[in-house]
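Okay, here's what each chain looks like letter by letter:
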Amino acid sequence: KQEVTQIPAALSVPEGENLVLNCSFTDSAIYNLQWFRQDPGKGLTSLLLIQSSQREQTSGRLNASLDKSSGRSTLYIAASQPGDSATYLCAVRPESSASKIIFGSGTRLSIRP
Amino acid sequence: EAGVTQFPSHSVIEKGQTVTLRCDPISGHDNLYWYRRVMGKEIKFLLHFVKESKQDESGMPNNRFLAERTGGTYSTLKVQPAELEDSGVYFCASSQVGDYGEKLFFGSGTQLSVL
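Chain order of the listed sequences is F and R. Sequential numbering of the first sequence, starting at 1, is according to the working numbering. Sequential numbering of the second sequence, starting at 114, is according to the working numbering.
A portion of the hints provided could be inaccurate.
[Unchecked claim] DSS-like, lysine-lysine: derived pairs with alpha carbons at most 25 Å apart: (1) R:128 x R:164; (2) F:42 x R:157; (3) R:128 x F:68; (4) R:167 x R:191; (5) R:154 x F:1.
[To be verified] Pairwise CB distance ranges (calculated): (6) R:129 x F:81: 43 to 51 Å; (7) R:128 x F:28: 40 to 48 Å; (8) F:53 x R:128: 29 to 37 Å; (9) R:115 x F:61: 38 to 46 Å; (10) F:15 x R:228: 36 to 44 Å; (11) F:39 x R:154: 15 to 23 Å; (12) F:53 x R:186: 41 to 49 Å; (13) F:3 x R:224: 37 to 45 Å; (14) R:115 x F:19: 30 to 38 Å; (15) F:28 x R:226: 17 to 25 Å; (16) R:176 x F:16: 50 to 58 Å; (17) R:167 x F:19: 25 to 33 Å; (18) R:133 x F:13: 41 to 49 Å; (19) R:128 x F:67: 41 to 49 Å.
[Stated by the list, open to error] Reference listing, derived: stretches of chain R covered by chain F, where coverage requires no fewer than 3 residues with Cβ under 8 Å from a Cβ of chain F: (20) 150 to 158; (21) 165 to 179; (22) 215 to 223.
Calculated from the structure, these hints are not laboratory results. By construction, the Cβ of each residue, glycine as well, lies at the ideal position given by its N, Cα and C atoms.
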């Protein structure tokens with residue numbers, strides 16, 4: 001059974017720092033991995049989608065990596081800003097049941113001005 | 114281009130009542146998904162439509178939940194009768210038909226409170 005774990009559950013850093021959010025999954029048989037952002041009271045916004053054949057994806061100050069064999073992904077945020085404060089969710093689409101994606105519980109990020 | 118739209122944004126009902134949630138996917142998206150997050154838990158899959166057909170409904174908790182997508186456009190999720198444990202945020206997502214590399218687009222969710 002696929003399980004997705006995100007560490008840490010919460011993180012608070014001063015503005016301007018570079019930071020890394022971690023995601024691990026137990027079954028490497030996945031189609032892809034997606035990072036989402038959720039603001040309070042809002043829906044999920046897709047940040048980056050990494051296919052199983054890819055190693056990383058970049059968008060602006062965000063870089064996501066995928067090491068499928070070890071079941072790990074990281075989301076790197078460069079030069080953090082207060083507007084980056086949100087909950088970040090990692091989700092994998094398993095090959096065993098491709099209709100569903102499996103979410104982690106998220107990392108609640110707070111950037112202090 | 115309009116995103117995924119969900120109605121209502123909030124719903125407060127009493128135990129035993131019926132509630133119907135609606136989702137309008139992005140135009141042209143054949144895949145439509147329902148997910149939910151109950152208090153303190155991860156977001157969990159409920160079901161997946163491809164056009165009007167249910168592709169996978171293995172995540173539906175019990176027969177009090179009924180999802181429909183008539184005509185392959187918008188979808189409704191009805192809970193009848195609602196129980197306290199049904200409280201949570203119900204998300205809808207859509208994507209284009211294709212391989213499973215497609216990106217999911219989520220709506221803002223419906224916050225359901227059953228009292």
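Here is what the structure says about each hint:
1. R:128 x R:164: Violated, because 32 Å separates the two Cα atoms, which is more than 25 Å.
2. F:42 x R:157: Between residue 42 of chain F and residue 157 of chain R the Cα gap is close to 17 Å, so the pair holds against 25 Å.
3. R:128 x F:68: violated (44 Å)
4. R:167 x R:191: holds (15 Å)
5. R:154 x F:1: Measuring from Cα to Cα gives roughly 17 Å; hence the hint holds.
6. R:129 x F:81: 43 to 51 Å: Given a distance of about 47 Å, which is inside 43 to 51 Å, the answer is holds.
7. R:128 x F:28: 40 to 48 Å: holds (43 Å)
8. F:53 x R:128: 29 to 37 Å: Hint violated: Cβ distance 48 Å, outside 29 to 37 Å.
9. R:115 x F:61: 38 to 46 Å: violated (27 Å)
10. F:15 x R:228: 36 to 44 Å: Hint holds: Cβ distance 41 Å, inside 36 to 44 Å.
11. F:39 x R:154: 15 to 23 Å: holds (19 Å)
12. F:53 x R:186: 41 to 49 Å: violated (33 Å)
13. F:3 x R:224: 37 to 45 Å: Cβ of residue 3 of chain F to Cβ of residue 224 of chain R: about 26 Å, so the range 37 to 45 Å is violated.
14. R:115 x F:19: 30 to 38 Å: holds (33 Å)
15. F:28 x R:226: 17 to 25 Å: With a Cβ separation near 39 Å, residue 28 of chain F and residue 226 of chain R fall outside 17 to 25 Å, so the hint is violated.
16. R:176 x F:16: 50 to 58 Å: Taking Cβ atoms as reference, residue 176 of chain R and residue 16 of chain F lie about 53 Å apart, which means the hint holds.
17. R:167 x F:19: 25 to 33 Å: Given a distance of about 41 Å, which is not inside 25 to 33 Å, the answer is violated.
18. R:133 x F:13: 41 to 49 Å: Since the Cβ atoms of residue 133 of chain R and residue 13 of chain F sit about 43 Å apart, the hinted range of 41 to 49 Å holds.
19. R:128 x F:67: 41 to 49 Å: holds (46 Å)
20. 150 to 158: It holds, with 5 qualifying residues against the three required.
21. 165 to 179: Held - the segment 165 to 179 of chain R has 4 residues with a Cβ nearer than 8 Å to chain F, which meets the minimum of three.
22. 215 to 223: holds (count 7)
Hints 1, 3, 8, 9, 12, 13, 15 and 17 from the earlier list are contradicted by this structure; the remaining hints agree with it.
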